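**Student:** Position in the sequence shown (from 1) plus 1376 gives the number in the numbering used here.
Bear in mind the hints are in silico, worked out from the structure with no lab data behind them.
Computed from a predicted structure; not experimentally measured.
All C-beta atoms in this analysis are idealised placements derived from N, C-alpha and C, irrespective of residue type, glycine included.
Some hints could be false.
As the list claims (entries may be wrong) - Between beta-carbon pairs, the in silico distance windows are:
(1) Q1521 to V1442: 19 to 27 Å
(2) R1522 to I1380: 44 to 52 Å
(3) A1378 to I1457: 32 to 40 Å
(4) P1524 to M1377: 44 to 52 Å
(5) E1461 to G1396: 42 to 50 Å
(6) P1443 to S1507: 17 to 25 Å
(7) I1467 to V1442: 17 to 25 Å
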Amino acid sequence: MAVIGLTVVAYAYTPYIKIGGKIRSLGLQTPDPEDVPAEPHADQQDPAPDAYSGVLSAPKMWWLMVPLMLISTGNTYAFMIGEGEWWVAAIGIAFLIFLAVIVGYGDASWGYPIARGQTIQFAILAVVTISTFTVLYLAAYAMAQRRPLRSKHSLNYRSHPHLRDKYPEP
């Protein structure tokens, strides 16, 4: 159990797990110094242009949402059949609503495809949440296509040159 626990902590918080010459971690990997090419400006390329807040890649973010929404839906179901607490279900529902709206609005505001192309995870979330997450996400996505929220102070302007060209600062 200790080895499993330490491995999970190392995966979540450090870049110290290296398998097959590739760093394995939850966050975006920083390249190993011995693997960095000697090309000029090689370190300025964005390793994951579809990352959420520059921390989690899109596949990892969407796979993390699956168990979170499963827990949230399970707590709500437990409350509905009389075996759970109302406040736990309320927190789960609020989390589901908040996550769906924020992620949907952000994806559309920055011109990413629906669910940033993670269709398997999106379909699983639709099944797990009985389409609640999907409906809220798509509603927020549609609203953001009409009224996108792109702050000119956002890090995305500086870190993603392709977005800078697509959405120039006013």
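**Student:** Each hint: holds or not?
**Tutor:** Checked hints:
1. Q1521 to V1442: 19 to 27 Å: holds, 25 Å
2. R1522 to I1380: 44 to 52 Å: For R1522 and I1380 the Cβ distance comes to about 47 Å; the hint holds.
3. A1378 to I1457: 32 to 40 Å: With a Cβ separation near 37 Å, A1378 and I1457 satisfy 32 to 40 Å, so the hint holds.
4. P1524 to M1377: 44 to 52 Å: Given a distance of about 47 Å, which is inside 44 to 52 Å, the answer is holds.
5. E1461 to G1396: 42 to 50 Å: holds, 45 Å
6. P1443 to S1507: 17 to 25 Å: holds, 18 Å
7. I1467 to V1442: 17 to 25 Å: At roughly 18 Å between Cβ atoms, V1442 and I1467 fall inside 17 to 25 Å, so the hint holds.
Consistency with the previously given hints is maintained throughout, with no hint failing.
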